[in-house]
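Novice: Note that the protein sequences, when read in sequence, are chains A and B.
For the first sequence, counting from 1, position 74 maps to 74 in my numbering; every step adds exactly one.
For the second sequence, counting from 1, position 288 maps to 288 in my numbering; every step adds exactly one.
Don't read these hints as lab results, they were simulated from the structure.
Bear in mind that the values here come from a model prediction, so they are computed numbers and not experimental data.
Built from N, CA and C at the ideal position, the CB exists for glycine as well.
Relax, there's no trap hidden among the hints.
Residues from chain B that keep clear of chain A, each with C-beta distances beyond 10 Å, as calculated:
| id | residue |
| --- | --- |
| 1 | W29 |
| 2 | A74 |
| 3 | E80 |
| 4 | A91 |
| 5 | F155 |
| 6 | P188 |
| 7 | A197 |
| 8 | L203 |
| 9 | R223 |
| 10 | R241 |
| 11 | L249 |
| 12 | A262 |
| 13 | A289 |
| 14 | M294 |
| 15 | T297 |
| 16 | I316 |
Label-pair restraints from in silico Cβ distances:
| id | chain 1 | residue 1 | chain 2 | residue 2 | range |
| --- | --- | --- | --- | --- | --- |
| 17 | A | R125 | B | R55 | 50 to 56 Å |
| 18 | B | R241 | A | R88 | 43 to 49 Å |
| 19 | B | L22 | A | D179 | 37 to 43 Å |
| 20 | B | R308 | A | D179 | 34 to 40 Å |
One side of the interface only, derived from the structure: several residues of chain A facing chain B at Cβ under 7 Å:
| id | residue |
| --- | --- |
| 21 | D71 |
| 22 | A75 |
| 23 | F79 |
| 24 | A81 |
| 25 | V85 |
| 26 | P87 |
| 27 | Q94 |
| 28 | G101 |
| 29 | V102 |
| 30 | P104 |
Residues per chain, in single letters:
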Amino acid sequence: MTCIEAHSLRKTYGKSVALDGIDLKVEAGRIVGLIGPNGAGKSTALQAMLGLIPFEGRLSVLGLNPWAERDRLMADVCFIADVAVLPRWLRVSQAVDYIAGVHPRFDRAKADGFLARTMIKRTSRIRELSKGMVAQLHLALVMAVDAKLLVLDEPTLGLDILYRKQFYDTLLNDYFDGDRTIVISTHQVDEIQHILTDVVFLDRGRVLLDLSVEAVAARFTEIVSAPGHVSAARSLKPMHERQVFDRSIMIFDGVERDRLVGLGELRTPGLADLFVAMMRGAV
Amino acid sequence: MNHDITTLPWHQTFWWSVRRELWEHRAIWQAPLAVASVILAGFLISTSRLPNAMRAIETTAAAARAADPANARAFTSAAEAAVRSSNAVEAAYSFMTLGVLLCAILVVMFYALGALHGERRDRSILFWKSLPVSDLTTVLAKAFVPLAIAPALVFAIAFVAHLVMLVWSTVVLLVNGLDPGVLLSHLPFPFLWLAMARGLVILTLWYAPVIGWLLLVSVWARRAPILWAIGPLIALAVFERVAFNSTHLMATILGHLAQGAAQAFSVEAKGQVPISELADLDPMHFLGAPGLWMGLTFTAACLVLTARLRRYRDPI
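Throw the hints in and build the complete structure from the sequences for me.
Specialist: Set out below in structure tokens:
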């Protein structure tokens with residue numbers, strides 16, 4: 001089943017082009033990482049999927065047009081934009097009451113269960129909680145909704161490493177069940193790459209790369225070249241080369257591993273390195 | 001594709017949205033309650049003078065009764081004195097209503113100006129929009145607070161305050177060995193409460209366009225909504241004056257704004273004689289006022305436009 005389908009998705013703000021005709025297809029049950037530098041169009045793409053902004057082109061999320069049917073769509077979609085959007089005056093208990101009141105798929109017992117594992121007090125107002133606690137609260141609220149699609153836009157921005165790790169662990173262990181779809185955009189690529197099933201690189205409103213994690217591993221190889229083999233490796237035309245502690249690290253696109261064996265340590269490049277390599281190529 | 005999107009009944013979503021507003025804007029009930037408490041405290045102290053006032057009422061009433069109707073002048077002045085002293089007792093009750101009402105009007109105007117602006121300023125609009133609540137439901141809930149909750153609160157608070165005042169006055173009179181029946185006979189209950197309820201309904205309907213306009217401004221203005229609430233009207237009026245040498249727009253708006261009290265509290269809405277008896281409460285004159293229906297149409301247009309605009313709104 002297709003969860004998100006975009007054809008020539010385009011969005012401009014005045015003269016600046018945020019999304020320049022994106023084609024994208026996300027199947028249900030995937031965890032997709034939307035990766036790109038600032039201004040790449042990640043947030044714009046997510047906002048379009050959530051019905052927060054009008055757009056050009058075709059976009060369907062769970063079979064609905066997000067812009068025309070946001071309120072219906074939100075019965076099946078959850079999103080966390082970043083930790084700052086929960087209203088500061090709201091009490092924890094009021095947040096739970098309100099969502100239980102307006103959301104047909106919210107399970108109060110589940111939310112209570114998640115909250116019981118944290119230090120969050122029911123009577124606290126959001127403004128009294130630490131940033132990490134607000135993220136925990138938001139995640140608990142969102143996980144208590146039986147949604148088909150979860151959209152996370154920089155969900156861990158400004159959190160310390162402990163909270164960030166816990167955030168993604170909780171998400172994976174207590175929420176993801178193989179049926180739900182998750183779309184995440186973040187700068188902290190290294191922290192999410194182990195949970196992703198698919199990767200989409202965005203740059204200046206265009207899709208640079210759209211592959212499953214297996215396909216990335218099959219297509220790209222990174223070698224830490226052994227001394228004496230550097231020029232042999234270079235002759236195979238790496239897409240990118242960088243120096244770390246006097247050793248050349250090269251990334252190859254579409255070069256079979258058999259041909260690289262013996263030239264150095266072989267491995268699959270990390271997403272951050274791969275992204276940098278592709279950006280260099282695109283410049 | 002299978003869509004088993006379940007939805008909750010609309011009224012449930014609406015009521016929770018209204019409750020949400022009251023959680024956020026506690027001033028809606030706190031401020032009128034505070035004003036009522038202050039006036040009530042003042043009244044309790046003033047009742048030390050009540051026994052004397054009651055004696056004055058009885059004296060002037062007796063004088064009026066004893067005055068010879070044939071002696072027109074003496075009779076008129078005695079009757080006027082009686083009316084004055086009884087009005088002084090009644091005034092405290094009207095003053096309570098007025099104080100709570102004015103406070104609520106002020107609170108409600110600021111509420112409407114901020115209702116759709118604040119959620120964008122604190123970015124919480126992204127959270128609210130992540131829930132399955134339509135923009136129209138949200139806007140209607142936000143309009144419901146000034147147009148229904150606030151007037152009901154004014155009535156409830158003033159009504160309870162009146163009861164407290166009555167009970168306290170009765171106790172004071174009994175302690176001073178006076179008959180509370182005299183006081184009650186000079187207080188026009190339940191007429192005062194009926195007039196209050198009717199007045200609140202009329203004022204709300206009459207001034208609904210102001211609320212509609214303020215909500216529209218609050219969803220539209222990026223900053224300083226208070227300036228946007230007044231600025232465009234002045235600009236239009238100036239334009240009309242310069243371009244056509246006429247002042248219809250300003251005259252229409254100011255005329256409407258000035259007429260609310262007359263609609264609510266004067267006989268036949270003429271603004272001359274204040275209502276004083278049950279027969280004056282007939283709402284036909286009010287319902288026949290073209291200004292009412294034009295205003296309500298304008299209000300509905302504002303609310304629909306506000307809901308449309310909220311769809312495009314993101315944090316500022």
